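Asks: Chain residues, written in single-letter form:
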Amino acid sequence: MTVSPGSATQPHILARGVCVDFTLAGRVHRVLHDVSLSVPKGGFVSLIGPSGCGKSTLLKVLAGLLAPTAGDVSVAGVTPIEAVRQRRIGIVFQEATLLPWKNALDNVALLMEVAHGRRSSDEIRGRAADMLRLVGLEHAAEKRPAQLSGGMRQRVSIARALALDPEVLMMDEPFGALDAITREEMSAFLLEIWQRTKKTIVLVTHSIDEAAFLSRKVNVMAANPGRIIEATPIDLPYPRNEESYAAPEFARATARLRRLLKEGHREAVAMSAAEPPQGARPLLEEGESTAQRAATGEVSQ
Amino acid sequence: MTAIVNQETARAPANVDAEAKRATNRRAAWSRFMPPLALFVGVVVAWEAVSRIFRLPEFVLPAPTAIVEVLIAHQASLAYAAFVTSQEVLWGFLLSAVIGAGVALVIARFAAFGRALYPLVVLFQNVPKVALAPLFILWFGFDLAPKVVLIVVIAFFPVAINMLVGLQTVDANLVALMRSVGASRNEILMRIQIPNSLPYLMAGLKVAVTLAVIGAIVGEFAGAQAGLGYMIQFASTQMQTSLVFAALVEVSVLGMLFYYVIEWIEGRYIDWMPAVA
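Chain order of the listed sequences is Z and W.
Those letters in the first sequence? Residues 1 to 301, per my numbering, in order.
Those letters in the second sequence? Residues 1001 to 1277, per my numbering, in order.
Derived by calculation from the structure, the hints in this document are not laboratory data.
Since the model is a prediction, treat every value here as computed from it, not as a measurement.
Take these hints with a grain of salt, some might be off.
Okay, the calculated beta carbon distance ranges per label pair [said to hold, decoys possible]:
id, chain 1, residue 1, chain 2, residue 2, range
1, Z, G77, W, R1185, 28 to 36 Å
2, W, L1135, Z, Q147, 47 to 55 Å
3, W, A1111, Z, A246, 30 to 38 Å
4, Z, H206, W, V1043, 37 to 45 Å
5, W, F1110, Z, A251, 53 to 61 Å
6, W, D1017, Z, Q195, 27 to 35 Å
7, Z, A25, W, F1142, 56 to 64 Å
8, W, G1182, Z, Q195, 29 to 37 Å
9, Z, A246, W, W1264, 53 to 61 Å
10, W, F1140, Z, E82, 57 to 65 Å
11, W, R1026, Z, F22, 56 to 64 Å
Chain W regions said to be covered by chain Z (calculated; three or more residues, Cβ under 8 Å) [what the hints assert, rightly or not]:
id, stretch
12, 1154-1160
13, 1164-1177
A virtual CB, placed ideally from N, CA and C, is assigned to each residue, including glycine.
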């Protein structure tokens, strides 16, 4: 059940030629270079790559938290900032970022209260309780974050993101701070949530297994400058469960992702070795960038 | 400046049997109060022994028993002096808290004005404020007002700085989430920054209250007609060293009382740890 990029349906998230430059100590650094991707409605796409490949930066651009230096991004047919304003985007960070003085229910209600411009109401509390039930934490409504485990805190954070019923869920290494066993549990939990709510999900991760297990398509990124080197479809049927980890398709997919990441890494090392000794790579000249793109055989989507 | 994190506020697991919990609390209280109490008694006994063995004259170093005698003999005048000083400490401290918190809120909320105000606050902090005491006497007389003003200029700073740290160490991602649903700066201040700053504020208040006691005594040294500081100065000119020490005992007890009242309020109302950003 793969969605080909050329399908007739309008992509839900579309990025074309996105570049992001940061200026640090008077030097311009290219963090993202000519990144394009598309995610169909209800799709589940991962961004995977080594540290410094700009995967979190790309997510920030898609989520309207950062304006790109160049390129076009649309989410549900509008700009990300407009999509945020229309509450079509929910965000989950690596840290749960809950308020330590509020219990789980009030934390879930927080953004709804602000969005609806009032302190609290039965409607908001009811909705917050529904969200806690959705993430399996109805019994922990009165508990403060300090009384919850890392996985439970992240579930609260997901419930908070879902409370305003966004169409898209942007997740920045949401399980990165959790232990391996909790991670797998949370992966299965996220798939279940995805299938029940039909959200479009973009997930940043540095775990090959997590990306392959969850996603329909994995965008493999490389650093220096940050770019997508391949959008790898994962031909593993849903619903996926523990047995999916043992499936030959899963093994093939993870092997391919691993190879791509290694190639991307070797390239980046080779490139940084050719750089001047000042360190980070300066803004590329236009001609150089084209030549380098040809050399890396960048795959456009 | 780091905030003091009160370990006692960490909650015990809810499923512990109530009776066992009370016993544990008793043991915890015992092991908490026992060491400082034993040390205190030891020091007092050693002091008494030294002054008896070496027959120190009372105007040089009175023995603890002599101080206790004076405490009892002069209890009425000491109580009145303590009442006067307490009033100065209380009003000075409350005003320091309000002004310190106000300065922190203004700096955090109005960034441009804050950038102008902050260096001035730091500059003012480096003025030796004890030297201002005679000026305040000149301007505000010999009663409550000059002491309260002196306390405020000494004690508002730790309140302001601690609270400012608490207002500013909020999770940037959380602020981004709030903004994404259209939260105004005031809403972010009210819902996130101010609650987040409360544990820091309490740490600042604890420093401020001890400074307030010092401020009251210094203010009375500069010019007063009553109070423990006035009594200390008066007694020392009369070589009544035992009375000096008796007044010092009352000052210390007063300071401790104020300090533990704040700690109690903190333990009662601020029952979460600051989120470490």
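Asks: Hints first: check each against the structure and report whether it holds.
Replies: Against the structure, the hints come out as follows:
Checked against the given bound of 28 to 36 Å, the beta carbons of Z/G77 and W/R1185, roughly 30 Å apart, stay inside it. At roughly 53 Å, the beta-carbon separation of W/L1135 and Z/Q147 lies within the given 47 to 55 Å, and the hint holds. The hinted window of 30 to 38 Å between W/A1111 and Z/A246 is violated, with their beta carbons roughly 56 Å apart. Between Z/H206 and W/V1043 the CB atoms are about 58 Å apart, so this pair departs from the stated range of 37 to 45 Å.
Checked against the given bound of 53 to 61 Å, the beta carbons of W/F1110 and Z/A251, roughly 59 Å apart, stay inside it. For the pair W/D1017 and Z/Q195, the beta carbons lie near 43 Å from each other, so the given range of 27 to 35 Å is not met. Here the CB-CB span from Z/A25 to W/F1142 is close to 59 Å, well matched to the stated 56 to 64 Å. At roughly 30 Å, the beta-carbon separation of W/G1182 and Z/Q195 lies within the given 29 to 37 Å, and the hint holds.
Between Z/A246 and W/W1264 the beta carbon distance is about 59 Å. The supplied range of 53 to 61 Å therefore holds. Checking the proposed 57 to 65 Å range against W/F1140 and Z/E82 shows it holds: the Cβ atoms sit about 59 Å from each other. In this structure, W/R1026 and Z/F22 meet the distance hint of 56 to 64 Å, their C-beta atoms being roughly 58 Å apart. With 0 residues bearing a CB less than 8 Å from a CB of chain Z, the stretch 1154-1160 of chain W misses the requirement of three and the coverage assertion fails.
Coverage of a stretch by a chain is defined here by at least three residues with a beta carbon nearer than 8 Å to that chain's beta carbons; for the stretch 1164-1177 of chain W and chain Z the count is 5, and the condition holds.
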